Amino acid sequence: MLITGIKSKPIYAPLRFDEGGRYHLMLGLGVGREPLRRVLDEVRDQQALAVARTEVLYVPAAGDTGKATDQFALPGLAAVCLFGNSNALLEDFRARLGRSLMGTRLYVAGPESFIGMAMKVALDFNLNKDEIRAEECGTLARRVRCIHCRAITEDVKTNIAQCIGCGLWLLVRDHYSRRLAAYMGVMADAEAPGELPEIREVFL
Amino acid sequence: MSGGQTIEVVVKAIEQVTPLIKHFQLASPRGEALPAFSGGSHVIVVMRGEARVHRNPYSLLSAPQNLDSYEIAVRRMDESRGGSHFMHDRLRVGSQLEIAHPVNLFGLDKIARKHLMIAGGIGITPFLAQLEDLHGGLVPYELHYSVRSAEHAAFLARLQAREQEHVHIYYDSENQVIDFEGLLSKQPLGTHVYVCGPAGFIGRVLDAARGCGWSPSHVHWEQFSAPPTGDVFQVQLARSMKKIVVPQDSTLLEAIEAAGVDVPYLCRGGVCGFCQSKVIECDGELLHYDHFLSDAEKAGGKTIMPCVSRARANHLVLDL
Ligand code: FES
Numbered sequence: 130m131l132i133t134g135i136k137s138k139p140i141y142a143p144l145r146f147d148e149g150g151r152y153h154l155m156l157g158l159g160v161g162r163e164p165l166r167r168v169l170d171e172v173r174d175q176q177a178l179a180v181a182r183t184e185v186l187y188v189p190a191a192g193d194t195g196k197a198t199d200q201f202a203l204p205g206l207a208a209v210c211l212f213g214n215s216n217a218l219l220e221d222f223r224a225r226l227g228r229s230l231m232g233t234r235l236y237v238a239g240p241e242s243f244i245g246m247a248m249k250v251a252l253d254f255n256l257n258k259d260e261i262r263a264e265e266c267g268t269l270a271r272r273v274r275c276i277h278c279r280a281i282t283e284d285v286k287t288n289i290a291q292c293i294g295c296g297l298w299l300l301v302r303d304h305y306s307r308r309l310a311a312y313m314g315v316m317a318d319a320e321a322p323g324e325l326p327e328i329r330e331v332f333l
Numbered sequence: 008m009s010g011g012q013t014i015e016v017v018v019k020a021i022e023q024v025t026p027l028i029k030h031f032q033l034a035s036p037r038g039e040a041l042p043a044f045s046g047g048s049h050v051i052v053v054m055r056g057e058a059r060v061h062r063n064p065y066s067l068l069s070a071p072q073n074l075d076s077y078e079i080a081v082r083r084m085d086e087s088r089g090g091s092h093f094m095h096d097r098l099r100v101g102s103q104l105e106i107a108h109p110v111n112l113f114g115l116d117k118i119a120r121k122h123l124m125i126a127g128g129i130g131i132t133p134f135l136a137q138l139e140d141l142h143g144g145l146v147p148y149e150l151h152y153s154v155r156s157a158e159h160a161a162f163l164a165r166l167q168a169r170e171q172e173h174v175h176i177y178y179d180s181e182n183q184v185i186d187f188e189g190l191l192s193k194q195p196l197g198t199h200v201y202v203c204g205p206a207g208f209i210g211r212v213l214d215a216a217r218g219c220g221w222s223p224s225h226v227h228w229e230q231f232s233a234p235p236t237g238d239v240f241q242v243q244l245a246r247s248m249k250k251i252v253v254p255q256d257s258t259l260l261e262a263i264e265a266a267g268v269d270v271p272y273l274c275r276g277g278v279c280g281f282c283q284s285k286v287i288e289c290d291g292e293l294l295h296y297d298h299f300l301s302d303a304e305k306a307g308g309k310t311i312m313p314c315v316s317r318a319r320a321n322h323l324v325l326d327l
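Residue numbers (the working numbering), protein chains in the order written: chain A, 130 to 333; chain B, 8 to 327.
Chain B on its own, in the form it takes in the complex:
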C-alpha cells in the first residue's frame, strides 16, 4: 500500500519566493480536480532521479477550497540527501511528478476555543492552508511567525494582506524573538497550540508549554526534517528473504523499497507510526530517530520506524 495510490501531477508554475524557498503549483495533467484535503495536510512527492527514488513530505499551503491545483514550498537544504535539490534544480514547468494522496497529521482541533499557531521559517507552510480554513470563522486565532529576515519571509504578502490583526511576525535580523513563555502563560482555557519549524524551535515551544502547565492533549507539532544519514549497515528481511545494504545517505525505508519490498507509510518523518516494523534479531544498537515510539519501546529493541531510524549492527533481521 505504501501511502496508498499515487496521483499524477504536472508542475504548472514555479516561483523563487525567497533566496532558499521555491514555490510549486501542481495540477492534474488532464485538468481534473485534485482530491479534497483539510488545512495542515501534507503530500509525499515521489521524485524519480536517475540513481534513486526520493519520497519527501511537503505541507499543502494552498486553500483547501481550491482543488484546481495544490501548492507546496520547498526549502533548499544545505545537506540535502537529494530531495530538495531535485525539486529546486530538476523541475521545470511541465515536469511530471507523482504524489500520494494528502494526509493530515496536523489538523486543527475541532472543538478548540482558540488556536495559537507558531511557525519557524519554512514551518509556515501548513498554517497557510489552515488560515484559509479559519478565515471568517468564529474561533479566535493568532499566528506567530519567526523568520530570519523580511527577505527570507515566504508568503509575507499573503499573510499581511488578509490576516494582519491575527498575524505577528518576528525577524531575527532585527533581534525580534517570540517570548514563548509569555505567550503560553496567558492563553484562555481550551486553547490549542500548534508549532511547526526546525527541531530546536519546536523543542523550545514544547518546553515552554510544559512549564506553563499545558496538558499534552492541547499541544500539537509537526516537523519535516530530513531523516538523518549515518553509517552503512546491513539488514535481512525475513519474510521476503532478502539481504540489503542501507547506504549512508539513504534511509532504511528507502533501501527496503529499492529492494522491491513495500512498507506502509504516511509521513516518512517518524511521527505517524505507520511504518513500524518488528525487529527479529539485532546484535548491535538500534538508532531510533522517531517521535512515535515511547522511550521504553525504544529501549526494548523489538521494533523500529524505518522511515527515519537506522542501526549500528552486524546482524539485523526485520520481520518484513
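With the rest of the complex left out, here is chain A:
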C-alpha cells in the first residue's frame, strides 16, 4: 500500500547570491559548506559593503576541527559563527532574525531536514519565498512525524521506520509539511497487522 501521487517534497535550486538584498544571512550544516563558499565567492565580487553585511552560521561536520576563518576565508564578513549542533545554530538564528531588518536575505545549505527547520523559524518572521534560497546537500534522511501520536522521529533513512513515540511501524510518505518541517508517517501494517513491506534504505 505504498501511497504515491502526493508529492509535496520541496525542490531546491543551486544557491546563488541575491543582489536585490541588503543584508545576507547564511546557514550551513556539514557539506552545506560548499554551496555557501560558492555564494561567498559571489559576495567577494560585490562591493565591500556586501561583505560587511553578510553573516555566516555553520555547523561543521563531525570530526571537522577547522577554525571559523579556515572554513570561510573571506575577510570582512560581519560574522562567522560555528556551532556544535543544528539546534544551537537555530537558536542563534532565531535571535538574529529578531534583530534583523527588512532587506535581509536568507541562504540555507545542508540536508533537507536542516533546511526545513530553518524555514520553519524563518516563517515565524514572515520571510517569504522571495527572501529565502536553499540548496539541499548531504543526507536525504527525513524527519518523520507520526500521524498517530505526533512524535517526530529524526534521521529516517528507510521507507518503513519505527516511531520513537508510539512504537508503530510507519510508512514514510512524500507528503511534506512546511509548518512542521517533517514528512508524514502512517501506520504501515494497518491492513494486516504485523505484515510489513520489505524495509529498504531509500533516503541516503
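Warning: the hint list may mix true and false statements.
Taking lysine-lysine and the DSSO-like style, the derived pairs with C-alpha atoms no more than 30 Å apart in a straight line are [stated by the list, open to error]:
#1 Lys-193(B) / Lys-249(A)
#2 Lys-258(A) / Lys-117(B)
#3 Lys-258(A) / Lys-121(B)
Non-contacting residues of chain A with respect to chain B, defined by C-beta distances greater than 12 Å in every case (computed) [stated by the list, open to error]:
#4 Arg-145
#5 Leu-154
#6 Lys-196
#7 Thr-198
#8 Gly-205
#9 Phe-212
#10 Gly-227
#11 Arg-234
#12 Glu-260
#13 Ala-270
#14 His-277
#15 Asn-288
#16 Ile-293
#17 Cys-295
#18 Ser-306
#19 Val-315
Bear in mind the hints are in silico, worked out from the structure with no lab data behind them.
Predicted model only: the values in this text are computed from it and were never measured.
Idealized CB from N, CA, C, for every residue including glycine.
Mind docking chain B with the ligand on chain A? Use the hints.
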C-alpha cells in the same frame, strides 16, 4: 458579469472636507445592511450621465464594522474625464447611485509582523478603513501621510483623535517630506509596506524599497489614476461582430461597454488583470498603460487591458 451585480445606494450625506475633496455617505435606500468588506477595499461607482456612463473606483474609508453606510471621498480632478466632476457637481443628498460589490486588491498581509502605511494626498482613503481594522490589535503599525497643507489634509481630525502615536503627518507647505530611504531602511523583518497616492509618489516609495533590499512580496501599492486620454481609434470586436470608435476622452473598456458588450472587470485601473483581452490583429502600436502585464507581454502585442490601455492603429481586432 462586469464586476458582478450592482447594489443600489442613495447619498445620505455630502461634506466638502477640503477645497478639493468631497466626502459622501452612501446607504441602502431601504435601510438594509450593505455587504461586508475589509480595510483596503474599493467600490466601482456607476454614474449615469446624459451623454455617457462613468464607472470610477473609490476606496471605502468607513469602518468595516459599520455596514449601515459606506463612505467614500472624491478628489476633484483638474482634467476629469467627467467622473469626479459628476460626483462633485451633480450629486445631492438623496441622489441614487449604483455601486459594484466591494473588492479588496489592497488588503493588509495577514501574517505581517508590522504594517507601514504611506499615503500621499487623497491616497489616505484606503488606510482610514485599514486603521479601523488595526486599532487595538497586536500588530504594530505606522502611518505616514504626506499632504499639501493642513487645509488640504482630509480626515485630519479622524486621524489625530485616535491614532496619534501611530500617525505622522507631513505638510508640503512647511517643507516637510517623508524620508522614504530612512524609513524603509530601519524596518524590522516581516514588515509590509503599503503605499497609495499619485503615481510619482508611489514610484519613489517603490524605488526606495528596492534600494533598501525589500523583496517584492512585502511591498503593496494601489493607485487610482484617471485612465489616460488619447487619440480616437477604431476597434473591431470579432466575436460580437461590432465595429466601434473609441473617443478621445473615453477608455477602450467604456467604448466596448457602450456598444453593449460585457467585459469582466474589478479595478478599472489596470492592476487586477480581470479585463485582459486577446488581441487578434493590430497593424499599429498598442499603448499599454496597465501595471498588470509583464514587459514581455506588453511587447508581445497579443493582449491588452482595455480599462486603461489604448492603441494607435488603423486596424485593431479584439477577441471579444
Ligand atoms: S479591470 Fe482591472 S485591470 Fe482592467
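Hint check results:
1. Pair hint Lys-193(B) plus Lys-249(A) holds up; C-alpha atoms about 24 Å apart against a cutoff of 30 Å.
2. The hinted pair formed by Lys-258(A) and Lys-117(B) meets the criterion: a straight-line CA distance of about 16 Å does not exceed 30 Å.
3. With a C-alpha separation of about 18 Å, the suggested pair Lys-258(A) and Lys-121(B) falls inside the 30 Å cut-off, and the hint holds.
4. At roughly 15 Å from the closest C-beta of chain B, the C-beta of Arg-145(A) stays outside 12 Å, upholding its exclusion from the interface.
5. With 12 Å as the threshold on Cβ separation, the claim that Leu-154(A) sits away from chain B is violated: the shortest Cβ distance comes to roughly 10 Å.
6. Distance check on Lys-196(A): its Cβ is at least 30 Å (rounded) from any Cβ of chain B, clearing the 12 Å threshold; non-interface status holds.
7. For Thr-198(A), the condition that its CB be more than 12 Å from all CB atoms of chain B holds, with the nearest at approximately 27 Å.
8. Every C-beta of chain B lies more than 12 Å from that of Gly-205(A), the closest at about 19 Å, which supports listing it as non-interface.
9. The claim that Phe-212(A) is not at the interface with chain B holds, since no C-beta of that chain comes within 12 Å of its own (minimum 21 Å).
10. Its beta-carbon lying about 8 Å from the closest one in chain B, Gly-227(A) breaks the requirement of being farther than 12 Å from that chain.
11. With a cut of 12 Å on Cβ distances, Arg-234(A) falls inside the contact zone with chain B, its closest approach being about 7 Å.
12. At roughly 5 Å, the least C-beta separation between Glu-260(A) and chain B is not larger than 12 Å, which violates its mark as non-interface.
13. The Cβ of Ala-270(A) lies farther than 12 Å from every Cβ of chain B, with a closest approach of about 30 Å, so its non-interface assignment holds.
14. A cut-off of 12 Å between C-beta atoms confirms that His-277(A) is not in contact with chain B; the least separation is 30 Å.
15. Even its closest Cβ contact with chain B, about 35 Å, leaves Asn-288(A) beyond 12 Å, as expected for a residue assigned away from the interface.
16. No beta-carbon of chain B is positioned within 12 Å of the beta-carbon of Ile-293(A); the least distance is around 31 Å.
17. No beta-carbon of chain B comes within 12 Å of the beta-carbon of Cys-295(A); the shortest separation is about 33 Å.
18. Every CB of chain B is more than 12 Å from the CB of Ser-306(A) (nearest about 17 Å), matching its label as outside the interface.
19. No beta-carbon of chain B comes within 12 Å of the beta-carbon of Val-315(A); the shortest separation is about 29 Å.
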